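Listed in order, the protein sequences are those of chains H and R. One gets my numbering by counting positions in the first sequence from 1 and adding 1 to each. One gets my numbering by counting positions in the second sequence from 1 and adding 1 to each.
Hints in this document: simulated from the structure, not taken from any laboratory. For clarity, every value in this text was computed on a predicted model and none was experimentally measured. Heads up, some of the hints might be wrong.
Where chains are identical, the list cannot tell them apart; a pair therefore holds if satisfied intra-copy or between any two copies.
[What the hints assert, rightly or not] As a list, the in silico BS3-like pairs of lysine-lysine whose alpha-carbon atoms are at most 30 angstroms apart:
(1) K204 to K194
(2) K71 to K204
(3) K35 to K150
(4) K35 to K204
(5) K71 to K229
(6) K12 to K194
(7) K71 to K35
(8) K71 to K194
(9) K194 to K35
(10) K150 to K229
(11) K204 to K150
2 protein chains.
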Amino acid sequence: MSGAAPLAEFKVGVDNVIFSVDPEQQRLFVLLIKRLHPPCQHQWSPPGTLVRHGESLEAAARRILQEKIKVHNLYLEQLYTFGAPGSDRASAPHRYLSVSYFALVRREAAELITREGGMTAWFSVPSLPTLAFDHHNILNYGLRRLRNKLEYSPIAFEVLPDVFTLNEVYQLYCTVLGENFADYSNFRARLLKLGILQDTGVKASRGAGRPASLYRFDAIAFEPLRHKPLVFV
Amino acid sequence: MSGAAPLAEFKVGVDNVIFSVDPEQQRLFVLLIKRLHPPCQHQWSPPGTLVRHGESLEAAARRILQEKIKVHNLYLEQLYTFGAPGSDRASAPHRYLSVSYFALVRREAAELITREGGMTAWFSVPSLPTLAFDHHNILNYGLRRLRNKLEYSPIAFEVLPDVFTLNEVYQLYCTVLGENFADYSNFRARLLKLGILQDTGVKASRGAGRPASLYRFDAIAFEPLRHKPLVFV
């Protein structure tokens, strides 16, 4: 099929864009590791590795993550594949292709692992260090996916506490989408109209404000809506 | 980073899932080619090829498509990357990894090319032949993306004629999403409420029904909505 033209030979890597949110501080974090070895030694990058013989792409992604972070029931979603000829990380004659994966995790449920003189850290998204290779592209792509998922899926409720106030949901959305994505009363009204939040009947006093109702995500009410197109903002 | 474990060596292929819709016949089509050479000789598959030295993934996707179909301004979108160890199309010791691309084209604006004894054809989606390799996975993934895009983006208006009746939009949605996705009057009301359709003031008589208003997609009205989350159904 390819005639006489030489085919490219690839090493394939996986790169994980793992986000967490601290709604109280209104900060969005991404997981980065400091590279121990060349190329780009001592620079920061999302945890990545090269795919081994007999190993699936996702298995490789999970292998490297397990060395950097302890987190239960991690749902990794494929993000994008970058494979331009210029962005080589493998040594010639091989080209490098990166398949990126994405997840949003509960920060307090994720324990960072650092060993062998390495460093693993959560970086606040607006103040990232210079990243190795073209990894800012991967991160930007991940950020777009995260925003998209907040808009169209109930991913926020996977990282909020089991019970939460509507203002806490709003703070999380503001943290990721920016302050101006919607005003609170509109957001509140639209969210409640979806019928997927259950009022626990309990009110919580947090800070100086009036006690606010605590809600719970209603997985049973959401089930029939799972495959319907919804907007959450 | 990988220690002593052997790294997998890959050939990388691209596979194109190209859909077209005939709303009048209520049929959804996908572009398939008959494979001229082993492996899987004489079986049908989406047009794909292996990536050459110095060639980007998308350039490879476009190269093979240009041999099979003539279409202007083709917007290819990356779909998914399949790279499980079992699905090898490359000869050992290489593994095969497939990056798939997706597009929806206007069928009457796409001219099929068949040469060198090959075959290129539009197949109606519910009556597909057996596909080579694991290509039904790629097609199913493409179908999900197409449905998703109809629900959340104005992709339908890229393949409808310049002016159209609301019933023609509905027929296109029915063809892809199934008859029961919504009833016509709800669909019509929701679509008009988005404010992205312009009534041309002209009415068309098609078939036996009452003359229906002809609409045009209003790109200027849509522009400020481009980055807002919308649902089209």
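Against the structure, the hints:
1. K204 to K194: Within one copy, since 20 angstroms is at most 30 angstroms while 37 angstroms is not.
2. K71 to K204: neither (33 angstroms within a copy, 63 angstroms between copies)
3. K35 to K150: Classified as within: same-chain Cα gap 28 angstroms, cross-chain 38 angstroms, threshold 30 angstroms.
4. K35 to K204: Neither. Shortest intra-copy (44 angstroms) and inter-copy (65 angstroms) distances fail the 30 angstroms Cα cut-off.
5. K71 to K229: neither (33 angstroms within a copy, 35 angstroms between copies)
6. K12 to K194: Neither: 49 angstroms inside a copy, 50 angstroms across copies.
7. K71 to K35: Only inside one copy: K71 and K35 sit 17 angstroms apart there, 48 angstroms across copies, limit 30 angstroms.
8. K71 to K194: The answer is neither: 36 angstroms in one copy and 47 angstroms across copies each exceed 30 angstroms.
9. K194 to K35: neither (45 angstroms within a copy, 50 angstroms between copies)
10. K150 to K229: both (14 angstroms within a copy, 13 angstroms between copies)
11. K204 to K150: Intra 29 angstroms, inter 40 angstroms, cutoff 30 angstroms: intra-copy only.
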